[in-house]
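Once you have looked at the hints, place chain U on chain R.
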Amino acid sequence: METLMETGSLHYYLAMIWFILWGVLWAVYFILDGFDLGVGTLLPFLAKNETDKRAILNSTGPFWDGNEVWLIAAGGVTFAAFPYAYAQMFSGLYMALMLLLFTLIVRGVSFEFRSKVESESWKKIWDTAHALCSFLPALLLGVAFGNIFQGIPLDETGFSQAGLFGLLNPYGIAGGILFVTIFMMHGALWLCIRTTGELKARAERMATKLWPGVVVLTVLFLAYTAVATQLFSNYMVYPILFVILLLPVAGLVLMRTYLGAGKYWMAWASSCLYIAGTALFGVVGIFPALIPSNPNPANSLTIMNSASSPLTLQIMLGVALVFVPIVIAYQFWVYKTLATPLTEDDLHY
Amino acid sequence: MDVLMLSRLQFAAATMFHFIFVPLTLGLSVLIACMETAYVRTGNEVYRKMAKFWGKIFLVNFALGVVTGITLEFQFGTNWSRYSAYVGDIFGSLLAIEATAAFFLESTFIGVWHFGWDKLSPKAHAITAWLVAGASNLSAVWILIANGFMQNPVGYTLRNGRAELTDFFAVITNKYAWLEFFHVIPASLLLAGFFIVGISAWHLLRKSNTEFFQKSFNLGISIALVFSVVTAVEGHIHGNNLSDTQPAKLAAMESHWETQRQAPMYLLVIPGEDGNALQALPLPGVLSFLAYNDFNAEVKGLNDIPKEDRPPVVLSFLSFRLMVGLGTLFPLLAAFGWVMRNKLDKFPLYLKAMPYVIPLPYIAIWAGWTLTEVGRQPWIVYGLMRTSDAVSPVGAGEVGFTLVLMTVLYALLGAVGIWLMVKLAKKGPEDHTPIQV
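Quick note, the sequences are listed as chains R and U, same order.
Residue numbers for the first sequence, in the working numbering: 1 to 349.
Residue numbers for the second sequence, in the working numbering: 1 to 437.
Worth double-checking, as some hints may not be accurate.
Stated by the list, open to error - In silico BS3-like pairs for lysine-lysine, Cα to Cα no more than 30 Å straight-line:
#, chain 1, residue 1, chain 2, residue 2
1, R, K48, U, K49
2, R, K336, U, K56
3, U, K352, R, K124
4, U, K427, U, K49
5, R, K123, U, K49
6, U, K423, R, K123
7, R, K48, R, K336
8, U, K427, U, K343
9, U, K346, U, K427
10, U, K307, U, K352
11, R, K124, U, K52
12, R, K123, U, K119
13, U, K119, U, K215
14, U, K215, U, K307
15, U, K52, R, K123
16, U, K56, U, K300
17, R, K200, U, K119
18, R, K123, U, K56
19, R, K48, R, K124
20, U, K49, U, K307
21, U, K119, R, K336
22, U, K352, U, K119
23, U, K423, R, K124
As the list claims (entries may be wrong) - Computed spacing ranges between beta-carbons, pair by pair:
#, chain 1, residue 1, chain 2, residue 2, range
24, U, T407, R, P212, 39 to 47 Å
25, R, F165, U, L412, 42 to 50 Å
26, U, V339, R, T51, 47 to 55 Å
27, U, L405, R, A226, 52 to 60 Å
28, U, A411, R, K124, 19 to 27 Å
29, U, K207, R, R205, 52 to 60 Å
30, R, K124, U, R159, 54 to 62 Å
31, U, L412, R, N296, 52 to 60 Å
32, R, K124, U, L278, 36 to 44 Å
As the list claims (entries may be wrong) - Residues of chain R placed beyond 12 Å of chain U at every Cβ, according to the derived structure:
#, residue
33, T7
34, Y13
35, A80
36, Y84
37, L99
38, K116
39, P170
40, A174
Hint data in this document are derived by calculation from the structure and do not stem from the laboratory.
C-beta: ideal position from N, C-alpha, C; glycine also.
Only chain R is shown next, with the shape it has when bound in the complex (with noise of 0.2 Å):
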């Protein structure tokens, strides 16, 4: 691939900046779904009759619809600012994307349909697929970004295709498996704070119980990637970058310390840490790549040569710096008026 800029060049630096707020978008993405995704997959485990189970869905049920407009957002900022490895990343990864959306989809209605029949057997049939189509989400994008850690098989032209099965190799279901294990933990914390009594007890045993999964997880993924990417070259030539890992060990620390003093949103919060700091390491690994190529690097789709023309960085910029803050300011509030331990009112929603 032909590069577009010269390093150095106002085009480099805007680009630049999409690079990072590219990894921002996607972390934040991960946070927010992460734990309705979480929550989902937990459904069948901890819900004992249909009070627990319409606690649990009411939990995430005012959210998820907001969180998930993050991976349009992480989409569409790869499309806009980065539209060669949009299509590269897109087309390539074809098999892993539309199972994505297809239980994306699945997972969205349910919601709504669960309710509307006063059936055992429907209400059941919309549980399972919510439980499902929650777990596989998570699955594959572990996967698809386990492939993308590793590197994908790109030739000159930047298209390729990894066949579904391409994609299902060992590093890339260890992907797979960590992202499900942290969205389960972030879950149970979720749970933790919007819950009450024995359901709130089982939540908290739950989280308990999946945090030394989570570590032993992290530190294996982590020897795995050493041997099996060349996300740590990075790391390898400026040694100071390993401060980043700082981010989520002190996330699994704090995790830890606050779900035993009962300060859930503070574990939920490290939680977060968590999750940010594991995406800035993978981001700051593949940098300055959105798509590395692997066996063959010289056709990575990188900073350079997949940015869009300056006048769209720039226009993009100044959208993003207008309606990024209301955003979270306006998600912020919500959260903060509809995040409230869930009451009996709340359960005939």
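Relative to the frame of chain R, chain U by itself:
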């Protein structure tokens, strides 16, 4: 079938399905916000009940619209990656702006609207209804600006092997896009009007909740009347614009072959893909008038457009006829209902018929989009990039597989969604508030 045809079918299926739900979202969200505002202003419980009842149906519809919209954004990457690489500099940014400026707002506040009945004051709740309605329609602005670029590309230059943005202002003031917007939005309000009218008529005939459904009927029929006229007038202006921007689409939708002055419109036509169309009963000059508001104007015929640049004629012709035919029927149906709105019990046949009218605006809107998109072929971006050059280099097997999977999934969810909406509609409003999940 090759990957191009399969991808086209997949895109058609995804957009058509998405566009069962979106127009009702656009129109009904505004009407629900009006009902809530009426409640805040008058304190009349009926308006609150109306917002809740129509809102419950709205939520099922909304869910299906949102989830199917996600597929569309990603399909540009999965199925049309060469297109995405070629025009992403412009098209991608429009989609990203749509997500940031509108979709976030819509999706965040629908949750608040749904779960906030007891947590917000009536006034604050009405504001969330307006935020949802405003954001949905703002979303349409950006999507149609993006579509407008595909119909009439402006504000770009070819550089680095792709179309790069040079004039953002030209892109967002694209006349084609705004003509689409002012056709789609009134059509969506028309649809929402007839939707409410159809369901209200069913209840009025059965004399259940008469006051509630009479009020709903009156609102629905007024909206249907006003916007069926607006849609038709704007459609004519839109047609005028086609003669400048997309003469091939205009010629195809009229099955017009010979370039000529005083171009006639034929009352009887059997369209064909070649010069084999049968035409009879000409009205001299009418086509020229429709295209240019001038009976003497010259209208370009398909024979003067190279064969490889002609859109499919039969499909364009038929979808145009279907849209216009229905578009003529709507003002008549709405006018009759509006005039007789206070003595509807004398016209049981009208009340009986109106539920069956609900699908017609959907069909008209579908036909309109078919004309818009099929009539643009063989171009994905008019005059700039051919659809055949835009498709992803993915395997036909994979696209075929996901096409089947998607069709089955959509058909199932669509059937369940529509069944639920019918069930909720027939049940009528409840005296108590609990909306069960």
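Each hint tested on the structure:
no. : hint                          : in the structure
1   : K48(R) - K49(U)               : violated (35 Å)
2   : K336(R) - K56(U)              : holds (25 Å)
3   : K352(U) - K124(R)             : violated (37 Å)
4   : K427(U) - K49(U)              : holds (13 Å)
5   : K123(R) - K49(U)              : holds (27 Å)
6   : K423(U) - K123(R)             : holds (16 Å)
7   : K48(R) - K336(R)              : holds (28 Å)
8   : K427(U) - K343(U)             : holds (24 Å)
9   : K346(U) - K427(U)             : holds (24 Å)
10  : K307(U) - K352(U)             : violated (48 Å)
11  : K124(R) - K52(U)              : holds (27 Å)
12  : K123(R) - K119(U)             : holds (27 Å)
13  : K119(U) - K215(U)             : holds (27 Å)
14  : K215(U) - K307(U)             : violated (55 Å)
15  : K52(U) - K123(R)              : holds (23 Å)
16  : K56(U) - K300(U)              : violated (50 Å)
17  : K200(R) - K119(U)             : holds (23 Å)
18  : K123(R) - K56(U)              : holds (18 Å)
19  : K48(R) - K124(R)              : holds (13 Å)
20  : K49(U) - K307(U)              : violated (58 Å)
21  : K119(U) - K336(R)             : holds (12 Å)
22  : K352(U) - K119(U)             : violated (40 Å)
23  : K423(U) - K124(R)             : holds (20 Å)
24  : T407(U) - P212(R): 39 to 47 Å : holds (45 Å)
25  : F165(R) - L412(U): 42 to 50 Å : violated (27 Å)
26  : V339(U) - T51(R): 47 to 55 Å  : holds (52 Å)
27  : L405(U) - A226(R): 52 to 60 Å : violated (38 Å)
28  : A411(U) - K124(R): 19 to 27 Å : holds (22 Å)
29  : K207(U) - R205(R): 52 to 60 Å : holds (56 Å)
30  : K124(R) - R159(U): 54 to 62 Å : holds (57 Å)
31  : L412(U) - N296(R): 52 to 60 Å : violated (43 Å)
32  : K124(R) - L278(U): 36 to 44 Å : violated (58 Å)
33  : T7                            : holds (17 Å)
34  : Y13                           : holds (18 Å)
35  : A80                           : violated (4 Å)
36  : Y84                           : violated (5 Å)
37  : L99                           : violated (8 Å)
38  : K116                          : violated (5 Å)
39  : P170                          : holds (23 Å)
40  : A174                          : holds (24 Å)
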